[in-house]
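Enquirer: Chain A is already provided as a structure; the job is to place chains B, C and D on it using the hints.
Here are the chains, one letter per residue:
4 protein chains.
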Amino acid sequence: MNIKPYVRKANYYETDQMGIIHHSNYIRWFEEARVDYMEQLGFGYDKAVESGIDFALLNVECTYKSMVRFGDTVRIIVSIAELSKARMTVSYQVLDDKTGELRSTGTTSHCYYHQNKKRPVSLKSELPELYALFEQNIAKSPRL
Amino acid sequence: MNIKPYVRKANYYETDQMGIIHHSNYIRWFEEARVDYMEQLGFGYDKAVESGIDFALLNVECTYKSMVRFGDTVRIIVSIAELSKARMTVSYQVLDDKTGELRSTGTTSHCYYHQNKKRPVSLKSELPELYALFEQNIAKSPRL
Amino acid sequence: MNIKPYVRKANYYETDQMGIIHHSNYIRWFEEARVDYMEQLGFGYDKAVESGIDFALLNVECTYKSMVRFGDTVRIIVSIAELSKARMTVSYQVLDDKTGELRSTGTTSHCYYHQNKKRPVSLKSELPELYALFEQNIAKSPRL
Amino acid sequence: MNIKPYVRKANYYETDQMGIIHHSNYIRWFEEARVDYMEQLGFGYDKAVESGIDFALLNVECTYKSMVRFGDTVRIIVSIAELSKARMTVSYQVLDDKTGELRSTGTTSHCYYHQNKKRPVSLKSELPELYALFEQNIAKSPRL
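Chains as they are written, first to last, in the numbering used here: chain A, 1493 to 1636; chain B, 1493 to 1636; chain C, 1493 to 1636; chain D, 1493 to 1636.
Don't read these hints as lab results, they were simulated from the structure. Treat the numbers as computed from the prediction; the structure is a model and nothing was measured. Misleading hints may appear alongside valid ones.
[Said to hold, decoys possible] Computed spacing ranges between beta-carbons, pair by pair: (1) A:1511 x C:1620: 25 to 31 Å; (2) C:1612 x D:1628: 32 to 38 Å; (3) C:1620 x D:1611: 34 to 40 Å; (4) C:1543 x B:1532: 45 to 51 Å; (5) A:1500 x B:1533: 40 to 46 Å; (6) B:1497 x A:1590: 25 to 31 Å; (7) A:1559 x C:1539: 17 to 23 Å; (8) A:1606 x B:1561: 42 to 48 Å; (9) A:1544 x D:1561: 15 to 21 Å; (10) B:1611 x D:1565: 43 to 49 Å; (11) D:1628 x C:1621: 55 to 61 Å; (12) A:1494 x B:1533: 54 to 60 Å; (13) C:1500 x A:1559: 38 to 44 Å; (14) D:1555 x B:1611: 37 to 43 Å.
Here a beta-carbon is modelled for each residue, glycine too, at the ideal position from N, C-alpha and C.
Chain A with its partners taken away, still in its complex shape (with noise of 0.2 Å):
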């Protein structure tokens, strides 16, 4: 599967007054972009969560290259970095979209969440055709 990077701008209301984008929003961002690759998998995000599983966050890690400021746009590359029955850690690159230039990288560590259960629970057994899908991606995904 071709996976598209998530592109999107900078906001006004995320900068902050060093007039630079709030190091906050990249962990939104990321979770932006996580949703986006979902979808372009053909499993969203909003499926899995009426499925009743959510992508309960164990870990997250961002480290900052460059400044992103107002009006700049950036493409967000995702990547499945780990796979495992009750586990998948997922990978992010961000890149100014107009030089390439590397702005940021980050992981998120996941684990599978029952809404009803009230605990965590194996994907491959809850929603086998999404564990397949990430599964069929994960050797594809270049490596940060």
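Expert: Chains B, C and D only, in chain A's frame:
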């Protein structure tokens, strides 16, 4: 009942590149002050939510008088401007805590939405205790 | 000039525990739509900022008609409702992009603040080109 | 110096549709706690900013242990994990204020960015008083 103003500091992440607190945050501060007001009344917002009632927003209005900057402390005076079985309007005055200078005024209008019934309900019928508390405090509230 | 509505998806991080988009985000969406509107006019907000002019907010108002949920796409129609040398009021209509159902209406009122002069200025004097663009589009704007 | 933990309530607008505080807010809470820590040290963040120094973020990491909900109060313990002339790592422990249960741990790494020089600088040279305060407190800090 003697309700104290809600006091809080302006955070760095709430600033924008103009070097002031971004206007959208005042709407969030109104909510913080409203939650604090209900707690002081003795019927916390979480208690209402547990009873299945949310205060759905119908309208918000905010007028900006002067700027708030990072590190400033604001004092928010909350009062109930209008109350009926089905609707409530809450008023806010945001002042600089040190100088008393007026930063902003605003209002929010709410109906009482029942999570299970999935429709607006009468607060007087659903939560008579809370309705009575609001009623007792409307007269004593300073009007803007 | 043919101005297109601003289209964007509602993000997961914009939801609240009621399962809907938190009301404060609409104020941010208005800003996104306003920035997009100016770009389409051919005089981007960043160009105004570079010239030393910020669009300081005097007032914001938003009426909530129906709920937006995660994954919904909204279409925001921006129009200039009022324009004078010193002030501007912008109107917004938020519609569900698929069904056209009205989600919200709102306005923002602005003055033109000069970063170096540290006071409001006349847009007609400071940025006549932008003022003319606004003027040309006020008549053609759909009024709410 | 006896540094007190930073205590704050979780806000309604910080929840998401899972009914918990959205993970991105912890990054903002770290900042609030860091600002409070510096104030307690006697050299506020605003004082650093006035001197032209911003604490530019190089990296942030957060591990989520258990969920925080609306109305919960958290207690954040800040400590300086690493300090050099050009760089600092700050550690955070987020605990439930009532039960002491661990909610999250994290770190932020910073360099000292000079607004006018537009480049990272040595804190020891630029703000020796603040550097000394950090140095005195690194040993006394509880290590995670």
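Enquirer: Hint by hint, note whether the structure agrees.
Expert: Each hint tested on the structure:
no.: 1; hint: A:1511 x C:1620: 25 to 31 Å; in the structure: holds (27 Å)
no.: 2; hint: C:1612 x D:1628: 32 to 38 Å; in the structure: violated (47 Å)
no.: 3; hint: C:1620 x D:1611: 34 to 40 Å; in the structure: holds (38 Å)
no.: 4; hint: C:1543 x B:1532: 45 to 51 Å; in the structure: holds (47 Å)
no.: 5; hint: A:1500 x B:1533: 40 to 46 Å; in the structure: holds (42 Å)
no.: 6; hint: B:1497 x A:1590: 25 to 31 Å; in the structure: violated (48 Å)
no.: 7; hint: A:1559 x C:1539: 17 to 23 Å; in the structure: holds (20 Å)
no.: 8; hint: A:1606 x B:1561: 42 to 48 Å; in the structure: holds (45 Å)
no.: 9; hint: A:1544 x D:1561: 15 to 21 Å; in the structure: holds (19 Å)
no.: 10; hint: B:1611 x D:1565: 43 to 49 Å; in the structure: violated (33 Å)
no.: 11; hint: D:1628 x C:1621: 55 to 61 Å; in the structure: holds (56 Å)
no.: 12; hint: A:1494 x B:1533: 54 to 60 Å; in the structure: holds (57 Å)
no.: 13; hint: C:1500 x A:1559: 38 to 44 Å; in the structure: violated (24 Å)
no.: 14; hint: D:1555 x B:1611: 37 to 43 Å; in the structure: holds (41 Å)
Checked against the numbered hints above, the structure violates hints 2, 6, 10, 13; every other hint is satisfied.
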